[in-house]
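**Q** Hints given; two lone chains; assemble the complex.
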Amino acid sequence: MIEVENLSKIFKVYHHRKGFFGSFVNLFSRKHHVVQAVDEVSFTVKRGEIVGYLGPNGAGKSTTIKMLTGILVPTSGSVTVNGYIPHRQRKENAKHIGVVFGQRSHLWFDLPVQESFELLQRIYRIPETRYRYNLEIFDELLNLGDFFQTPVRQLSLGQRMRADIAAALLHNPDVLFLDEPTIGLDVVAKARIRQFIQKINAERQVTVVLTTHDLDDVEKLCKRVILIDNARLCFDGELATLRRLLSTERLLSVDYAEVYSDISISNAHVIYREGARAQYRFSPEEISTADLIGAILQKFKIVDISVQEPDIEELIKTVYEDNSLIVPCGETK
Amino acid sequence: MYHLSLYFHFVKLRIRSQMEYRLSFVFDVFAQASISVIDFFMIALLFNRFKELAGWSLWEVGFLYGMIGVCFALAEMFGRGFDVFQRNIVRGDFDTVLIRPLGTFFQVFSHEFLLRRLGRIAQALVVFLIANSQLTVTWSITKVGYLLISLVSGTCFFIGLFVIGATSCFWTVQSIEIINIFTNGGVFMGSYPFSIYRWWFRHFFTFIVPLACVNYFPSLFLLGKIELSGTSPIGVQLAPFAGFLFLGVTMLFWRWGVLHYQSTGH
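As given, the protein sequences belong to chains A and B, one line each in that order. Everything in the first sequence is counted per our numbering, starting at 595 for the first residue and increasing by one. Everything in the second sequence is counted per our numbering, starting at 3 for the first residue and increasing by one.
Rather than coming from a laboratory, the hints here were simulated on the basis of the structure. This list has only true hints and no planted wrong ones.
Straight-line alpha carbon distances no greater than 30 Å define the calculated DSS-like cross-link-like pairs of lysine-lysine that follow:
hint, chain 1, residue 1, chain 2, residue 2
1, A, Lys814, A, Lys784
2, A, Lys817, A, Lys640
3, A, Lys625, A, Lys606
4, B, Lys14, A, Lys689
5, B, Lys14, A, Lys685
6, A, Lys784, A, Lys640
Residues from chain B shown here face chain A by an in silico Cβ test under 10 Å; the list is partial:
hint, residue
7, Tyr4
8, Ser7
9, Leu8
10, Phe12
11, Leu15
12, Ser19
13, Phe96
14, Asp97
15, Leu100
16, Ile101
17, Leu104
18, Gly105
19, His262
20, Tyr263
21, Gln264
22, Ser265
The beta-carbon is built from N, C-alpha and C at its ideal position, and this holds for glycine as well.
Isolated chain B, as found in the complex (with noise of 0.2 Å):
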């Protein structure tokens, strides 16, 4: 209770200040979904040529794309926080962190809260929601809750991605650049089906960075296509944990990083 009204209010201040010039937030929330709104476009554009891709239709591709925009757009929101972290490494704002008697993880996610990516959850939503209406999925409340999981499993992969960036300071004091190949890569890959890859790049972005458990599968299983995918149900139905599973791996790499913290000056 005590981290959740912390966390509360941190974020609380946050809002206030990013709305301190409130025209500037309004515009930025809509150019941003807007611009955003050419994505999309470009994979259209696509299938005006080619109809289908390894069978999936425009609509499960919208699909695909509008859950993996939520996502990434939902981890950029509350994940900032390490997404932006090579600054507080250079300036030597971490120091601040490790004197406080809160753990440094807590401390660093819920020191950023970027308010204004509600345009781009509100565009992938969009594109989600169109998707959606086009195709013809019987929602149950199961199908709801396991929607709900993946999306909540996907945030958390992307902040996972953030986090091991973010650690990487701890060492190289930059943030990896490589790591943005996951992260943008990482949308733009998984708003396509995964059938289409190799198999290696299947099984990498799996078993090693589940990027395809987070939205592949969960909409294969959404969308009824798993007997098409030639993958076991099982396996499916269980892909959204990977999500967590993967928070949780890069939040130990992160406590074995803050051990290796050398500070500025000396």
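The shape of chain A in the complex, shown without the other chains (with noise of 0.2 Å):
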């Protein structure tokens, strides 16, 4: 369904001139300097898949789908999606993928919902017995009439969301790339739009690329994890492997209600300590997270405590450290 196979993307930084003739200078100006955004990425994904596809900011996630969704031409390297180069094939390659971008949507700003939605059953030409039937299940699964006659610009992030995603599958799409879809929700939200797509994956078939930063994204949707740092691939292979590196270790803060002199708890490490505030490190294969609050509270009195999971930075980092993990560049798995 999709063929990547070192892909790059080099981006030229010019270095801009203001003002009315350093604009002029500007358009026959080579100044500039290099950045690898992309750096030999390759990878396959099936048909039905949910694919997510992580990293770091700035590691080259959003390059990536940009490249798969045409909007950016690759420096080298190749891309198929559905059989088509989207950067040659663009508006065939369109009519068959769907886009959401978390950061900024795709609807138009000063119509309405509905509104919206008619102008893309025009651009996409879907018949009105697909359309009706489609804009039917989205409002059952997303809540759209609530608010359907509302303008773009009006609506709550939540709601912007659950709109560009609807709007993204209306023309029943094979792939669906998915830019940080959860970005800036709150819990309830977050979990509806992974309900939804969960269940258009499942009955649809509809492939599904998601770059996230959020670990619960991925833990809820996808079984299979590409991991992306510095512009090149770390990490391709199933979620369950990178439960485990998940599982390994997690961060314990504590503030004590008073200054105690033994602090030390069975099974976990105090790597920081500072009056009453320590932290400690654990690993649930050890010792499970509420044994260890457990075993706390039995010896002292606190005032707050938190447990601090480990997030994609540090995931990678873990990915680093055990190189079984690598995959080398240039191969794919």
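**A** This is the structure:
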């Protein structure tokens, strides 16, 4: 369904001159520096898969998605989506994909949702019966009716996201690209979006490529993940493998009610201590979070306690430390 | 048909949103019309002193002025999408254009429609009609057709300039200001007979940036002044097509530019 081979993208960042003549000189000047945003990335995605494409900020996630959707022209390497080369057969490709960017709406800012949808119906030439049918289903799952007559600019972030995802699926695409679809949403809204993606994937066999920062998204949605860091692919495999990494270590921060001389707890290491505040590192395989908190409560009085999950940045660090997981560049698993 | 009906649909939506504040819209149209009236008074004042300019009377110059004014205002009305394209690039809205199964040129073209330029069109048209009433042009069907082709060609010419400005955004993000020399400056230059300019200037604005082809040469033909100017009659009669050609070339430039789009963020 999606085949990516040795895909690279190099951006030339031009140094801009200001002013009237500056802008003219800019046209001809070649003064720039080079940023490698994606470096020799290869992977394939089969029909009906949900793949999480993860990485820290600026790792090249969005750039990859933009090359898969025909927005950017790759510097080298090859991409095919549904058999189309996105940047050469952009319009053909566009008919068969749906795209959602969490940071930006693809709908018409000053039009009500309904009119935006009707415009899409015209643009994608969606037959009336299919349009009605889709709309009914999406409304049922996402409650579009609540804000169907509201101009897009007046929607809340959660509503806008729902509208955008529904809009991207109106023309029954085979592949859905989601770039940070849950960014900035509250827990309820996130859950709703995830359920919807799951359902659409299961019922319509829509292939989903998802970039995200949110490990919860990944755990709920993806069987397979691809990790990218510093423009390079560093992991491609089952989420189960990744989950083993995920569960390795967690941090527990505690504010004690008073300063204790000995705050050691078995199976947890004190990694930081200052006054009544302490931080422990522990592995859920050795001691569960509940047991650890129980042990602390038994011995001490506390004011506040919190557990930190490793975030994507830490996860990538772990992947790097365990060399067996790193996929050598240019090879597909 | 698909594109045409889509275009009309987009325009309908644009007009509707511009009419949302009806009073402000009407005021705007009138303000534009009356401000640009001052424009022509400046030229009229000049003629109060000199009576004629390189063999052109005030009303003949009014003819030139009216033609170029209508073309430019029409271009601003239809080509608005390219005129304000910089905004789309800065916001990253061009991503949206690229994920739709439609041509990029078509989408940008149909994205905007500036109805309030009606005021400017009306003003230029009035000057043109008054000028015409003071002149003795014998209008035939051929001449009317020729005039209409010239006006469309002139509109295409200015849209082509907007397209160049828009395309430059793919590299510089900001539209190059120098393009205003040709657009706003073009209206000014085109309001006077080209015979008053130096030869290199005339040639540049005939063969490279064909400003002279869309109102000066057509006016020579329509006003029966070809012999006076010493230009070849066939060249003058074919001149209006340069505007279409110019737009065609800028469309190719646009297509090439799109391949260099870098989007925003990485």
